[in-house]
Amino acid sequence: MEWFTLHAAIESILFASGEAVSLQQLSRALEERPETVEAALQELMNDYQKTGRGIRLIKLEESYQMVTAPEYATIIRAILDERKPERLSRSALEVLSIVAYYQPVTKAYVEQLRGVDSAYTIGVLLDRELLEEAGRLDVPGRPILYRTSKQFLRAFGLVSLDELPELPNQLKLEEERS
Amino acid sequence: MDQPIYHLEKVLQGKEEEAGDFIGPLDLILHLLSKNKLEIQDISISQILEQYLEWVSKRQELNLELASEFIAMAAHLMYIKSRMLLSSKDEEALTEMELLIASLEERQKQESFERIQLGLSMMEALYQGASNYLETPKKLLEDRPRELLSQNPQDLFSAMERLVLRQHESLPPSVTSFHGLVGQEPYPVEQKAAELYCLISMGGHVSLQQLIWDCRSRSELVAMFLAVLELCRSSQIILSSHEEEVTLSLPQCETAALIAT
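For the record, the sequence lines run as chains A and B. Letter by letter, the first sequence follows residues 1 to 178 of the numbering used here. Letter by letter, the second sequence follows residues 1001 to 1261 of the numbering used here.
Same shape as in the complex, but just chain A:
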């Protein structure tokens, strides 16, 4: 496929899909090697960014999605009459962070760290698809393990879990204390 045509084809697929499409799917559909498709995707990504287009390409682990440029979020919401998504509650943020940094974890572990019952918050986060189940821990009781979902990456603007910023370390902790 012509280089330029490849760009256009990727664009149209991502637009029509609306949701994230995996690199594999794209490569199969376009009958091109994944490396080629990836390179084209990267170019498109940079292109949208540099030329200040209204759309952006984001990467979620091995998938790509077309989204709007953040600068225009306000005006889009005004027209589509969408409310800004609610802020996550402090509890939700706590639980989510614990799972994010220590995944996979059980509900019991989360509760031990927080010192409060977390069943409700975990339920809410599961509903919002920010958390997902990840098997069971092989101990008596076989409790469910939880991990963050791809939706979590999307909601926090991360490409992968590797991009999670480092937690402040002990030194900072002491600075906070004194």
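There's no promise every hint is true.
Calculated pairs, BS3-like style, for lysine-lysine (alpha carbon to alpha carbon, straight line, at most 27 Å) [to be verified]: (1) B:LYS1109 to B:LYS1037; (2) B:LYS1035 to B:LYS1081; (3) A:LYS107 to B:LYS1081; (4) B:LYS1037 to A:LYS107; (5) B:LYS1037 to B:LYS1081; (6) B:LYS1035 to B:LYS1058.
For the record, the hints were derived by calculation from the structure and aren't laboratory data. Quick caveat: nothing in here was measured; it's all calculated off a predicted structure.
Go by the hints and put chain B onto chain A.
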């Protein structure tokens, strides 16, 4: 002069345990464990004791103050070690170890949570930032993929053709089919009506029977009858009957007007 540089060098090496304080002996032990990449469960009392004492002595070398807890912990560790040396299955020593491990884990969880707490505002910021990347709203139901139709415009035409053909069969017959009848009356009704009106206005009234006798053909009769009805409808004549005799006459005012002239 030398000592400050010595201090700085240690700091530059990035070993914060030399430069900073530990909150308590447990933190120190946790730090030593992580340095050696050990899990809490795997600690060997000898290793930990060795490193702990090393650290304590270094601090003393630098003439830094050491909290009593640290010394107490050192003593405690030595106590455990000595009992284990005496008998590796020493129950009290084992329980002490278990307690140590338990408190280490407890401390570790606390520390982890504190770090999470510090990171919350950063997570919040990420969330807010990413919320401005809007995507197509997700469909609530699973849609079947929409099929694009591929029809020929010719198909529309053919469909219309068939429709028209069907219609042709139920259309009212065209005017030409009635060519033999319509437009060829020997006695047009309007003409007859006019004649009739003249007749009535001359005589004042006319008997229907007379009119019927005067008609020479059936067509004339039909036309005459229709004319009477028409005139009645337009209120130009009045029908009245008297003992089986029907009379046509003009309405009163007109009779008067005629008599006057």
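What are the numbers of the hints the structure violates, in ascending order? 3
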